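**Student:** Sequence:
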Amino acid sequence: MLLSKIFLANFLIIVSNLFFISSLIPQILLNYKIKSTNGLSTVFILTLLNSGYFYLIYSFANNLPIGYKMVNIIYTFLACLIMFQRFKYSQNNWDKDIKIFSIFILNIFFLVLIGYLIYFKFFSYAYLIGWIPVGIGFWKKLPQIFKIYRNKSVHGFSFYFILISLSANFCEILANLFLKIPIPLIVNNFRGILINLVFLGQFFIYRNNQN
Numbered sequence: 003m004l005l006s007k008i009f010l011a012n013f014l015i016i017v018s019n020l021f022f023i024s025s026l027i028p029q030i031l032l033n034y035k036i037k038s039t040n041g042l043s044t045v046f047i048l049t050l051l052n053s054g055y056f057y058l059i060y061s062f063a064n065n066l067p068i069g070y071k072m073v074n075i076i077y078t079f080l081a082c083l084i085m086f087q088r089f090k091y092s093q094n095n096w097d098k099d100i101k102i103f104s105i106f107i108l109n110i111f112f113l114v115l116i117g118y119l120i121y122f123k124f125f126s127y128a129y130l131i132g133w134i135p136v137g138i139g140f141w142k143k144l145p146q147i148f149k150i151y152r153n154k155s156v157h158g159f160s161f162y163f164i165l166i167s168l169s170a171n172f173c174e175i176l177a178n179l180f181l182k183i184p185i186p187l188i189v190n191n192f193r194g195i196l197i198n199l200v201f202l203g204q205f206f207i208y209r210n211n212q213n
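Going left to right, the sequence shown walks through residues 3 to 213 as the numbering used here numbers them.
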């Protein structure tokens, strides 16, 4: 019975990780289709990538299961791809320069922090790193919510991104019923469910204003 619960928990974690990885793909495809990222808030994109970096550090610093490490690597790569699309489809050179500089700073910060953790073996406090993206997560999607509310439109924002992200959050919470996972991940999943439900509400309200 115990083994079956552990198997189910690990299966749910695998499924949730697959959902997390694939959640960004519909948004990437939509951006490519319309050749624009105007439906996304710039702050949302930056914090999406920033939180991905911190979760990547967190998974390695705390030696989480390989599944979490792999999903954070791929998720961060896909977030970088969305940032690249932001650069590529930008029509304002000055704006593009500002964003390129921002992502450069984020990369430098990421590399310095990783190097510090590895060189000084500062893993006794690495657990706290997991709370940084959780803190970011509480406000990172607010600019996107306000952008949709201000424009009264969800044009350029993928419905499937929200639906898949919501499914991933539910799967990981179910996994926690059978297998203990770090508290920051649990808090992040409940936060994700709340925010994604707000997005679903906006899609319902503004579904006829996508042009």
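By construction, these hints were calculated from the structure, which means they are not laboratory data. Treat the hints with care, since some could be wrong.
[What the hints assert, rightly or not] In silico PhoX-like cross-links for lysine-lysine, where the CA-CA straight-line distance does not exceed 25 Å:
(1) K37 <-> K154
(2) K154 <-> K71
(3) K71 <-> K37
(4) K35 <-> K154
(5) K35 <-> K71
[Said to hold, decoys possible] What follows is a set of in silico ranges between Cβ atoms, one per label pair, in the way DEER data are often shown:
(6) V45 <-> G203: 40 to 48 Å
(7) N153 <-> L10: 41 to 49 Å
(8) K71 <-> L31: 24 to 32 Å
(9) S104 <-> L10: 23 to 31 Å
(10) N210 <-> I188: 34 to 42 Å
(11) Y151 <-> L10: 17 to 25 Å
(12) L199 <-> N65: 29 to 37 Å
(13) F206 <-> Y91: 24 to 32 Å
(14) K154 <-> F13: 35 to 43 Å
(15) K37 <-> M72: 42 to 50 Å
All figures in this text were calculated on a predicted structure; none of them were measured in a lab. We treat Cβ as the ideally placed atom computed from N, Cα and C, and that holds for glycine.
**Student:** Hint by hint, note whether the structure agrees.
**Tutor:** Structure-based check of all given hints:
| no. | hint | result |
| --- | --- | --- |
| 1 | K37 <-> K154 | 21 Å, holds |
| 2 | K154 <-> K71 | 38 Å, violated |
| 3 | K71 <-> K37 | 31 Å, violated |
| 4 | K35 <-> K154 | 21 Å, holds |
| 5 | K35 <-> K71 | 30 Å, violated |
| 6 | V45 <-> G203: 40 to 48 Å | 21 Å, violated |
| 7 | N153 <-> L10: 41 to 49 Å | 42 Å, holds |
| 8 | K71 <-> L31: 24 to 32 Å | 26 Å, holds |
| 9 | S104 <-> L10: 23 to 31 Å | 42 Å, violated |
| 10 | N210 <-> I188: 34 to 42 Å | 37 Å, holds |
| 11 | Y151 <-> L10: 17 to 25 Å | 39 Å, violated |
| 12 | L199 <-> N65: 29 to 37 Å | 33 Å, holds |
| 13 | F206 <-> Y91: 24 to 32 Å | 27 Å, holds |
| 14 | K154 <-> F13: 35 to 43 Å | 41 Å, holds |
| 15 | K37 <-> M72: 42 to 50 Å | 31 Å, violated |
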